[in-house]
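Residue numbers (the working numbering), protein chains in the order written: chain A, 34 to 762; chain B, 34 to 762.
Hints are not guaranteed to be accurate.
No copy is singled out in the list; a pair is fine if it fits within one copy or between any two copies.
[What the hints assert, rightly or not] Mimicking SDA-like on lysine to any residue, the simulated pairs with C-alpha atoms at most 20 Å apart in a straight line are:
(1) K426 to L179
(2) K698 to R671
(3) K281 to N375
(4) K426 to D389
(5) K207 to N457
(6) K88 to G652
(7) K156 to A376
(8) K281 to E361
(9) K207 to A459
(10) K591 to E629
(11) K56 to I422
(12) K427 to R303
(13) K281 to G138
(14) K69 to G173
What the hints contain is simulated information worked out from the structure, not anything from laboratory work.
For reference, the chains in residue letters:
Protein chains: 2
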Amino acid sequence: MSFERIFKAESIAIIGASKDETKRGYQAIKILQEEKYDGQIFPVNPKESSILGLKCYKSVLDIPETIDLALVTTPARTLKQILEDCAAKGAAGAVVIAGGFGELGEEGKRFEAEIVNVARSKKIRIIGPNTSGMINVAKGLNLVGLQNVPRGSIALLTQSGNIALTLITEAGLKSRMGFNYYVGVGNEADIRFHEYLEYFTEDPDTEAILMYVEGLREGRKFLQQASRTTRVKPIVLFKSGRSAKGSKSAGSHTGALAGISEVAESAFRRAGIITVQHSDEMFPIAESLASLPLIEDGAIAILADGGGHATIAADFLTELGITIPELEQKTRNRLAAILPPNASLANPIDVAGGTDQNPSIFADCAEILLEDENIQGLLIVGLFGGYGIRFAKKLAFMEEDAAHRMGKMVRKTRKPILLHSLYNFAKPHALDLLRYYHIPVYDSLEIACKCVEALSFYGGYRKEHRQESTFQFNWGARAQREGEEIINSELAEGRTALLEHNAKELLRLHGAPVTLDRLARDEDEAVAFARNAGYNVAMKIVSPDILHKTDAGGVKLKLKNEQAVREAFNEIIRNARAYRPDADIRGCIVSPMSGEGVEIIIGTKNDDQFGPIIMFGLGGILVEVIKDVSFRVLPVSREWAASMIDEIKTSVILDGVRGRPPYDKEAIIDLILKVSEIIEAYPVIHEMDLNPVIVHEKGLTIVDARIILSEENIMKKKTLSLSLGDSEG
Amino acid sequence: MSFERIFKAESIAIIGASKDETKRGYQAIKILQEEKYDGQIFPVNPKESSILGLKCYKSVLDIPETIDLALVTTPARTLKQILEDCAAKGAAGAVVIAGGFGELGEEGKRFEAEIVNVARSKKIRIIGPNTSGMINVAKGLNLVGLQNVPRGSIALLTQSGNIALTLITEAGLKSRMGFNYYVGVGNEADIRFHEYLEYFTEDPDTEAILMYVEGLREGRKFLQQASRTTRVKPIVLFKSGRSAKGSKSAGSHTGALAGISEVAESAFRRAGIITVQHSDEMFPIAESLASLPLIEDGAIAILADGGGHATIAADFLTELGITIPELEQKTRNRLAAILPPNASLANPIDVAGGTDQNPSIFADCAEILLEDENIQGLLIVGLFGGYGIRFAKKLAFMEEDAAHRMGKMVRKTRKPILLHSLYNFAKPHALDLLRYYHIPVYDSLEIACKCVEALSFYGGYRKEHRQESTFQFNWGARAQREGEEIINSELAEGRTALLEHNAKELLRLHGAPVTLDRLARDEDEAVAFARNAGYNVAMKIVSPDILHKTDAGGVKLKLKNEQAVREAFNEIIRNARAYRPDADIRGCIVSPMSGEGVEIIIGTKNDDQFGPIIMFGLGGILVEVIKDVSFRVLPVSREWAASMIDEIKTSVILDGVRGRPPYDKEAIIDLILKVSEIIEAYPVIHEMDLNPVIVHEKGLTIVDARIILSEENIMKKKTLSLSLGDSEG
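Chain A extracted, bound-state conformation:
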């Protein structure tokens, strides 16, 4: 794979090398030398013969050997020729620092597209442009200019050099963990987030991937790759540019489409990504995930000396959905044997001064707690690390003993210990020892709790996805062929909005329970269909020219006998003619009135970043006023369909309130899955709107269905349906 030659380049050309110390072309060579880069450096500058002791070449083409990578520090306009030259010398990639591309608007975008075309045709990949660069820390391949990057197993991908600087600074100050790679993705013109992700997924030295994202150019591909990545290793992601002002601010320096939809958060979670809300949680959470065993069942113990910190942690963890379970009686007895009588043996555990003479008792408590069946991890809060400072120096040695024991305990039990210490600032040796054993130590109690949440979320995700079977579609080729025919007949008439009865027929073909609608072309047909249905029918106008049927007086309900049906048919036709004299009127749909139940709405649309998405909500004011709806990127699994229902605030209504029996949630899940299948099967469908659907105690009925085809997909669709016809004929 060519990325290997980029990220582990054995030779690099510095285009725009310089003797001017203020220039990037000087600094780049200087830092490669300082960081003891173990490959070859070829400075390129037509005006110099040597720079920093290295021979300088007039042109890339003059370099006597093949190069793996080029760092381009010259302005945007020089780029085309440089890419061609580098490709001629066999370069796998180029890191392009210059701005002046897509971030400058339409003209910049066109220029960027041209550059990408050159790169693609010459088979050379571009990091950037408008990037701070790339670093392979172990190799000394530092193309950024940031010094003292702490080494570790986190791969860092950002769209902001400032944020990289912030995270690298923080890691150096507060941790023993660091980075193996840094990539400033810049404008993502050529190499996209999902491609970097794929590389780091395969990379054996990467334990966690940390991302700062302002906008994703290919959200759907990113999600697909992320789903594969998170089966193996964690992704921690901070999404910036959520607000209009933030998005504008992001736009002004990367040129990428910023903007998060309601969809993104759930899509990220579904892909197993740990999303971070505050930037100061980014590094600590990545550090925890790169260092510690996961928490599978979200149940932990809190251990403290005195109140305050334990109370705050218990509150915050509860709000984050973490359980703080009761301890086994055996555990309580064992704790009682080593702690003073005023200690609190409930979880949170308060040693109540019981460690003042010997803080190594923390390790004894930790051992007892981690052996409790109910406890999957331990958070120690408050004073550990400070006993040697507060009381007597010798206590520091006991704290160090405890640190050694707790470090080994995590390895043995595979349950994590996390530590908050207000003495972190004093850098006691015991805390450094804990870090040596990959137990992170935090200044902030809330950030420690957030790390517990992340270990627990990801632990739960990994556990769940060990058992998951692959998602299978269950519709047959026959249903799809007939569905294609319906769509083709609509297209043949030049419509992109399917007639209601055709939309329902498409749903029915795939097993979705629609009302049994019949298109009556005249009064007598209407009566015949109504009689067949046993009367109590609804009737609606059918006309490609009338979209809002109620407004046109084109809907009549609860028609209970022949006379009512006849009158209704004639009135509907009359109203429709009055409403729109030139309308192409096909007749009336006749359908049985739906039984008692609760209204729901299911809809799909195409999102700019993530492609087809689905929405679910309860009908009426709950959707219209409270906007109480859930979204998912399609396709969805049965579990995710179920979670869409649970997620809305009003889902209790489906359980039956005010003494009503519960409604059929399984039927809703089945319908969501059907819709997911249909959208997957017919890429030509742009939007689908099932509104209302009536859910009964048993089963449900789709009362109205609207399907809109994508204008831009119609051409593709035509080709597709032909080829399908061929292969299945």
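Chain A is fixed; fit chain B onto it per the hints.
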């Protein structure tokens, strides 16, 4: 005031003074000497003649002079005698360290109450018990044992010594701001939070009050005092013990009732208190408020060098409700004149490397921005403080110049500047200079944003309350006298639940629009009342023994003629007899059917911590299922009544959805105010439930009302009504 003699004690007795270095009675004297306490210290211990060079007394009574304060380090059981002795020596207060009181359960609570009785009778006040102590930093009066407490103008009140330690450590590490007082309130047995608050409100050296609260013993008095305090100076409050586990954890060491209700958050905000969600925001927010001018209109500018930080800040501030307004054209022109062409002149402003050669340009930008009419404050994020580190040492001097200028700018414009710097860790001199000018510097971008929010919330609060008129009740003495009669008649019959028509009559007396109910004792009366009302009436059973009228078949609606009324009367009576043969049946209420409208519910109850509170919500599933309700502590003002309506998620329904005209919000506000008045007027009312109330396009109708009297208040009430009768007779 006796608190003056406690917090500025000129002489102090150390009860339980000791020569043992591990004992509090030794450490206390040692630290008073080290901190150069400027008063007299009198050690007390029957077994010693001198300690640390001071003469030691056998008993408090042996001290030859009057004492202001006593520090009691001896066990709980010794306390009674000590308090009596201290009082005899004229002490104004005692700081009681020992635990063993209310936090140990019922027996401890009784003991605590006895101690408080002794103290009250002897006129000596108690801080604690179960406290870490008290500090007057300026005076060296340090009764805690914490050293190096940084001096400043924040008064710190906590219920956890650990949290005090955390905050004091943080202040020392990260700020030039510190504390003037610290009080560990312990069990709040005698002196309560609101009394401390009153003292610090008067104290001229206190600029801000910072509180860590696990439970309030007298929430209502606290709110009243807090409202007075926040007219003068800010209160920053972190409320702990919100979750069941957290509450339990808090309970195990302070013995106070922890537990926050949905009410507390809104009650705190209403009192002008700045509530803090994360403990790591406590000190920074207090520091900002003690240091900076407030932001009145919540509109600020963000200034950055490069992307990332500005984007994150813009997102987060937007989510916090802060406006990031457009700049005036004049401002943009002035910025354009000093910044490079690629700089972003929209807000957030990105200097885009324009300060690389001269970071004092930050001060130029700050000056231009603060002169913009739309801008009330400035947040600088990212790299300031690091130019001297990143590029050349001489740039540090330019940063220092900028710091001096910005410091003076804040004083001159009375608009705050806040700074986030990722170079804070390196302690550059420029950042220390900013702190000298009371411009705080933060490591965390999110915390900087939270400080902006706090300055803005409190600025808005202060502005609003400059104009506010005092809230006046508008009910007359006559209404109240007649109301008392209704209540007394119910009490005379031994009922605590008012009969429905009496409850409504009470509401009507105070001008609330109830349905015109008449109690019909027989069929003919019912017909007469129904005819008077023009028919279309509802009828409901009246019986003190039947609370659930619908279950008993005791409700009939929409009765449109004489026959229907007669049949309904007889059927209701029959049903009631069948439902409960021994019921005391008084007849039926006859009331006109309410007109079209939307259902609301208004209720009141008594909260353990805050006393009477009021609830508002829309009727039906919106309250029952979604729990979409708002709460306030009573009484409420017109503004707060209006905010209760705006606060619920479904309030848009009142604006008229699906083409309906809007409903009468003013009538709802009036009703909330009426209820507030009634609850204030009759302390005997324990709960009131108006459900449903039908709100029309114009006006509203209370369809059903339930009023429950407090059993425990009935005796008080009887006395009260007698005395009222006397004074008004």
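Enumerated hints in conflict with the structure, sorted upward: 6, 7 and 12
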